[in-house]
Amino acid sequence: MADWTPLGDRAIRFARPDRSARAIVRAVRAWPGVIDVVVARQEVAAYFDGRPRGASDWAAWATWIDALATAPDDPEPVRDIALGAIYNGPDLDHVAQATGRHADEVRALHAAAIYTVETMGFSPGFAYLSGLPAALELPRRTTPRTRVPAGSIAIAGAHTAVYPFDSPGGWHLIGSVVGVRMFGPDGPLLRLGDRVRFVP
Amino acid sequence: MSFIVVRAAGLVTVQDLGRPGRMHEAIPPGGALVRDRLIAANRAVHNPDDAPAIEVLGSLVIRAEQPLRVATDTTAPRDLAAGAELTVGSEPRRVAYLALRGGIAAPLVLGGRGALLCAGLGGLIRAGQRFASAELAAINPAADAAIVPTVGPAARADGPIRLLEGPDPEHFVPGALELLVSSEYRILPSSDRVGTRLDGPALPRTAAPEASRPMVIGAIEVPRDGKPIVLGPEHPTTGGYPIIAVVAHDDLGRLFSIRLGGTVRFTAARLRDR
Chain A
1 MADWTPLGDR
11 AIRFARPDRS
21 ARAIVRAVRA
31 WPGVIDVVVA
41 RQEVAAYFDG
51 RPRGASDWAA
61 WATWIDALAT
71 APDDPEPVRD
81 IALGAIYNGP
91 DLDHVAQATG
101 RHADEVRALH
111 AAAIYTVETM
121 GFSPGFAYLS
131 GLPAALELPR
141 RTTPRTRVPA
151 GSIAIAGAHT
161 AVYPFDSPGG
171 WHLIGSVVGV
181 RMFGPDGPLL
191 RLGDRVRFVP
Chain B
1 MSFIVVRAAG
11 LVTVQDLGRP
21 GRMHEAIPPG
31 GALVRDRLIA
41 ANRAVHNPDD
51 APAIEVLGSL
61 VIRAEQPLRV
71 ATDTTAPRDL
81 AAGAELTVGS
91 EPRRVAYLAL
101 RGGIAAPLVL
111 GGRGALLCAG
121 LGGLIRAGQR
131 FASAELAAIN
141 PAADAAIVPT
151 VGPAARADGP
161 IRLLEGPDPE
171 HFVPGALELL
181 VSSEYRILPS
191 SDRVGTRLDG
201 PALPRTAAPE
211 ASRPMVIGAI
221 EVPRDGKPIV
231 LGPEHPTTGG
241 YPIIAVVAHD
251 DLGRLFSIRL
261 GGTVRFTAAR
271 LRDR
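Those protein sequences? They're chains A and B, same order as listed. With my numbering applied, the first sequence corresponds to residues 1 to 200, in that order. With my numbering applied, the second sequence corresponds to residues 1 to 274, in that order.
Looking at chain B on its own, in the form it has when it is part of the complex:
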């Protein structure tokens, strides 16, 4: 089973669930921007959850070279006849996933098969590229029913994104976090897999000196201009900008699903168990 890329626009890459375990070598985990959506697309064609699929931040047109079985994270599985074309667009969200029955064949490099652009692994998908099925064994035979991306049990689909305060409060003027959670921010088009850039009220910083510190996916770092950046799967493992808050892990997928130009609101949450 194989297909050829007729057109690719935007950030279109092969992704799986990333390369955890190498952050001490300054290699970020990478992997799907919205893991639950990659998993949903894979399950719809009975693939293992971590099978490589195509992440589309933009649009993609493919043409089947042989009969294919494919699904996206939002559409039911379907069979494509040889020569048939399929268009996958991320609108009205920021990202969509195209899964191919058996998974996308891609070499295993440093423990993962997806593109990690910051490390020169893989690359942007272009017109004319050909992809074949990895022929992974089918699993989840009962998974056809109700493929719904989960965003965490406590999260409402349209509720504010939950934030955990800190860890650098001494870098912010009192009231900065309140400003962040009481304002609406817009997702800037310059956002990518490294960071999601937000436009809205600038968050005032103190004069505390910057120091290179460990970073984490979902960290909201604040450069001197006060405009927050939410770190994505290809974030630098260390960075000098202070972190005002970190997005709750279960809400990352919802935040990273908001289309470029869309708006987001945050709410302060509390860690239990402490």
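Looking at chain A on its own, in the form it has when it is part of the complex:
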């Protein structure tokens, strides 16, 4: 049986099943009383509109969580998103030095990969893109910046991302997107499961 832990009296948290984020969100949102879902890298949280009622409900969650292992994929096709990019970030040279490559190679490696929105978190619309070439993996900056400009393309660990808003941030800034807003009146540009490319 799957294990889970209460996250206060209106949410539960459990290990992320080996399914796509979209499949997990779709399945968990269909649980009785669930109003929200967060899929993080290793964990999922389900949020309820009230206190889950009665012991049988609480015992039932383990069964529901087990069933996620075979949750059907979201039938909506995966979207392909191309983001115009300029590789001129303030950390580009540092990334080149730390990875033992020329800055042009860093640009080419980053732009050649196809990424997937694996999780969203940190700030509204912030998408963690998996698929970063292993040659570009670096730990975060030792000292985070107090302000990273919206639209900055950044890398850290096994991920790349675009900051949707001006915010503090500890990732390496290698460029910025061109001609797009990452968060608009319709919400975030990127959604879970999207396939993303950067086009210099």
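Check before you lean on any hint, since a few could be wrong.
[What the hints assert, rightly or not] Mimicking SDA-like on lysine to any residue, the simulated pairs with C-alpha atoms at most 25 Å apart in a straight line are:
(1) 227(B) with 207(B)
(2) 227(B) with 143(A)
(3) 227(B) with 170(A)
(4) 227(B) with 144(A)
(5) 227(B) with 145(A)
(6) 227(B) with 142(A)
(7) 227(B) with 6(A)
Keep in mind that the hints were calculated from the coordinates and are not lab data.
Got chain A sorted already, so can you dock chain B onto it with the hints?
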């Protein structure tokens, strides 16, 4: 019906009951810091519970441009003549709500009409801004009697705030939770709608590595300095600081009503039904 803002000091925003259902896009639910107080102000002028009203963390002075019917969460409804001014201050609490008969007119964006500053939606209210009634139909015609914000049936108005332990005990030195519930903490002035920062005994952490995990309103996260932060309605949906405990949902309003500089005590509670 409309009014103009003569003066606004502090965090003054339009709020409703938020935008649930978008946390998977990293959009927190937002909404009123103290939902029961927003609802009380709305009910006093016969508005729907979720009508947009003005949240005042600080002070606000308005001047009626036409006759208005308004209420706050702590005062009876009253009529303002054109030209009359009204001052709303959050003291002696942290927050007050000003409801306008018919609700505050505000555009519906991403399922809500309130400000969500972390997503660039809406903004801080400034002097000179004008607000009109949304002319929502009156409901709750019998709601005039006894508008009292509820804070949960089991909670005493002045009792300690109830906490549910966990979910990250491996991140804390044994005794950390006992320290939290046996100490008095002060609400720091740097608190906002994202987090309520507490000053008091530092809660000792273990060396367990941080990982980005799902967050929830009321979660008490503990940075490396050990000073706890209670997450508010604009909290990041994921975060790396471990959570020592989560405030019981019915006690959130009471905690978030305590004025900046005021003190709070906690008590450990248990989840039933498990």
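Comparing the hints with the structure gives:
A threshold of 25 Å between alpha carbons decides the hint, and for residue 227(B) with residue 207(B) the separation of about 16 Å falls inside it, so the pair holds. Simply put, residue 227(B) and residue 143(A) have alpha-carbon atoms about 20 Å apart, close enough for the 25 Å limit, and the pair holds. Among the hinted pairs, residue 227(B) with residue 170(A) is consistent with the structure: their alpha-carbon atoms are about 21 Å apart, no more than 25 Å. Restraint check for residue 227(B) and residue 144(A): satisfied, since their Cα atoms lie roughly 20 Å apart, inside the 25 Å limit.
Distance check on the hinted pair: residue 227(B) and residue 145(A) sit about 21 Å apart at the alpha-carbon level, within 25 Å; holds. Restraint check for residue 227(B) and residue 142(A): satisfied, since their Cα atoms lie roughly 21 Å apart, inside the 25 Å limit. A C-alpha spacing of about 23 Å is found between residue 227(B) and residue 6(A), which places the hinted pair at or below 25 Å, so the restraint holds.
The earlier numbered hints are all upheld by this structure, with none contradicted.
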